[in-house]
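Chains A and B, in that order, are what the protein sequence lines are.
Quick note on our numbering: the first sequence kicks off at 296 and runs consecutively.
Quick note on our numbering: the second sequence kicks off at 6 and runs consecutively.
For the record, the hints were derived by calculation from the structure and aren't laboratory data.
Positions of the beta carbon are idealized from the N, C-alpha and C atoms, including for glycine.
Each hint should be verified, as a subset may be incorrect.
No more than 30 Å apart at the CA atoms, straight line, and that leaves these computed lysine-lysine pairs for DSSO-like [stated by the list, open to error]:
(1) Lys361/A - Lys71/B
(2) Lys361/A - Lys56/B
(3) Lys371/A - Lys71/B
(4) Lys570/A - Lys424/A
(5) Lys19/B - Lys367/A
(6) Lys367/A - Lys344/A
(7) Lys80/B - Lys596/A
(8) Lys344/A - Lys56/B
(9) Lys385/A - Lys344/A
(10) Lys466/A - Lys431/A
(11) Lys466/A - Lys56/B
(12) Lys344/A - Lys19/B
(13) Lys601/A - Lys628/A
(14) Lys407/A - Lys424/A
(15) Lys553/A - Lys407/A
Pulled from the structure, derived: some chain A residues nowhere near chain B, Cβ distances all over 12 Å [claimed, not checked]:
(16) Leu322
(17) Ala326
(18) Arg474
(19) Lys686
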Amino acid sequence: MLLTRFLRWLYGYVVITVSGPYPERFLSVCATRRILIWDVFPCGSNVLKCHVSIRGFRLLPPIICKTAVHVKIIEKRGFPLLFVRILKRKLFLIGLAVTMLSVIVLNQFIWKIEIVGCENLSGAHLTQKLSDYGLKVGAFRPYIDEKKIQNRMLIEIPELAWLWVNKSGSKVTVEIKERIMPPDMYDAGAYCDLIAAKDGVIHSMVIKNGVPMVSLGDTVRQGDLLVSGLILSEKGVEPRQVQSEGEVRARVWYEKTKAFSLLSPVQNETGKTEKKHTLHLFGKDVNLFHSAETTFSDYSKESIEKELSFFGYYLGLGISSTIFKEQNITYEKNTVESTVQKGALELSTAIDEETTTDSMLKESRTEHTVIDEDTVLVTVVAEYIENIAQKNKP
Amino acid sequence: MKKTRPAKRVENKKSRTQRLSSLLEIPLDMVADVPRITLNDNRELSVENYKSIEGYEPDEIILRSKNYRIIITGKSLQIIAITNDEILIQGTVCGLSFV
Numbered sequence: 296m297l298l299t300r301f302l303r304w305l306y307g308y309v310v311i312t313v314s315g316p317y318p319e320r321f322l323s324v325c326a327t328r329r330i331l332i333w334d335v336f337p338c339g340s341n342v343l344k345c346h347v348s349i350r351g352f353r354l355l356p357p358i359i360c361k362t363a364v365h366v367k368i369i370e371k372r373g374f375p376l377l378f379v380r381i382l383k384r385k386l387f388l389i390g391l392a393v394t395m396l397s398v399i400v401l402n403q404f405i406w407k408i409e410i411v412g413c414e415n416l417s418g419a420h421l422t423q424k425l426s427d428y429g430l431k432v433g434a435f436r437p438y439i440d441e442k443k444i445q446n447r448m449l450i451e452i453p454e455l456a457w458l459w460v461n462k463s464g465s466k467v468t469v470e471i472k473e474r475i476m477p478p479d480m481y482d483a484g485a486y487c488d489l490i491a492a493k494d495g496v497i498h499s500m501v502i503k504n505g506v507p508m509v510s511l512g513d514t515v516r517q518g519d520l521l522v523s524g525l526i527l528s529e530k531g532v533e534p535r536q537v538q539s540e541g542e543v544r545a546r547v548w549y550e551k552t553k554a555f556s557l558l559s560p561v562q563n564e565t566g567k568t569e570k571k572h573t574l575h576l577f578g579k580d581v582n583l584f585h586s587a588e589t590t591f592s593d594y595s596k597e598s599i600e601k602e603l604s605f606f607g608y609y610l611g612l613g614i615s616s617t618i619f620k621e622q623n624i625t626y627e628k629n630t631v632e633s634t635v636q637k638g639a640l641e642l643s644t645a646i647d648e649e650t651t652t653d654s655m656l657k658e659s660r661t662e663h664t665v666i667d668e669d670t671v672l673v674t675v676v677a678e679y680i681e682n683i684a685q686k687n688k689p
Numbered sequence: 006m007k008k009t010r011p012a013k014r015v016e017n018k019k020s021r022t023q024r025l026s027s028l029l030e031i032p033l034d035m036v037a038d039v040p041r042i043t044l045n046d047n048r049e050l051s052v053e054n055y056k057s058i059e060g061y062e063p064d065e066i067i068l069r070s071k072n073y074r075i076i077i078t079g080k081s082l083q084i085i086a087i088t089n090d091e092i093l094i095q096g097t098v099c100g101l102s103f104v
């Protein structure tokens, strides 16, 4: 039924009233002549209101003559009549054409460049290089030669292992894969010593090359010579210069102290939100609000970006909405124990970041002193065993 | 007088097509040119094989079929669709009579 109604609308129909001595006869004649009539309803004596298709309406005049009725059009409905009405509005049509034309023309330019796969390389550097080869915002799309850009970029930037330029509408996606660079060449001939990188007490030593200058249990300070690359002979042979190599593990102590507040902020959403929209028009950002910032003092921010695309074809238009949620910050008092525990964890993590990767935690101690009713001072002392040898050219 | 005679024959005696359909066990409406009336609840009525509309008012519709008139009485009767051999009526049907 819905489909028939849609088809009727698509082909167009008119609502008419039929008045005369025998309007029923009009219906009968229409039926025999295969003119489609529906939703007939009598309104008043000898007056019928009915719907008839446009094609059927054109065939009505001889029937009207024959049955001696009077037909009056009440309403015209449907797509063809709507179409005719639109065709009459010249300015609207011109505007529509201009809009479509401008979208098609502006679509021939690049409005967005996305770089995927950047790890160590800086995006700005890549963008600069890409714009040198013609790939920049506002570039004419047919002039962009992906193959050439790909080849030039791979030659120019040695850190790149692979690069792919993907054009979809006004958006270009540049996918890159970074190369894992080979390690620096080991220069066997260079002469160097090993010095202590940190203060500590020597715990173990494995010397592969050079003369050890310290022994187990010695306390060394930062910068002290651990292994000398200069080998002196007692038998009168000329001194030899070698590249010292080895591992000197020492016990190293770290101490960190920090004051922690017992009060921790708790963020509650007040339920008030503000939305700010920004329109992206062919590479330009247009703020739809007077100011893009919120009036809230404490808030959390959330951004949603939407792109207008046509069958996966970016049209250069987009909208991004930022939702600001107002927050009300209250302070909650924690117990001393939980604060100390949290603080110790924070300090231990900070210490752990200072040590080298192959270090080993041997012992850790936490102390705390309560300063006033809101603050507690936490001290973490940790002992690590780690390699403190560092190459140093004299 | 001539006109009434065949009508009488139909009333009293089965017509040739009626006899044929009962002999071959074929539904009557398939062979004979008789109206087929379908009533869904008392809301929707469809009449196939009618000849013409003789009268139409919100509470009464008179249809002409081959041998008799069908008078449909009811409330706010509306003709939803009308073609050369079928008519669909909606509304509240109160009575059907054949004269």
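Verification of the supplied hints:
{"no.": "1", "hint": "Lys361/A - Lys71/B", "in the structure": "holds, 23 Å"}
{"no.": "2", "hint": "Lys361/A - Lys56/B", "in the structure": "holds, 18 Å"}
{"no.": "3", "hint": "Lys371/A - Lys71/B", "in the structure": "violated, 37 Å"}
{"no.": "4", "hint": "Lys570/A - Lys424/A", "in the structure": "violated, 37 Å"}
{"no.": "5", "hint": "Lys19/B - Lys367/A", "in the structure": "violated, 48 Å"}
{"no.": "6", "hint": "Lys367/A - Lys344/A", "in the structure": "holds, 10 Å"}
{"no.": "7", "hint": "Lys80/B - Lys596/A", "in the structure": "violated, 63 Å"}
{"no.": "8", "hint": "Lys344/A - Lys56/B", "in the structure": "holds, 21 Å"}
{"no.": "9", "hint": "Lys385/A - Lys344/A", "in the structure": "violated, 34 Å"}
{"no.": "10", "hint": "Lys466/A - Lys431/A", "in the structure": "holds, 11 Å"}
{"no.": "11", "hint": "Lys466/A - Lys56/B", "in the structure": "violated, 67 Å"}
{"no.": "12", "hint": "Lys344/A - Lys19/B", "in the structure": "violated, 42 Å"}
{"no.": "13", "hint": "Lys601/A - Lys628/A", "in the structure": "violated, 42 Å"}
{"no.": "14", "hint": "Lys407/A - Lys424/A", "in the structure": "holds, 16 Å"}
{"no.": "15", "hint": "Lys553/A - Lys407/A", "in the structure": "violated, 47 Å"}
{"no.": "16", "hint": "Leu322", "in the structure": "violated, 5 Å"}
{"no.": "17", "hint": "Ala326", "in the structure": "violated, 5 Å"}
{"no.": "18", "hint": "Arg474", "in the structure": "holds, 74 Å"}
{"no.": "19", "hint": "Lys686", "in the structure": "holds, 97 Å"}
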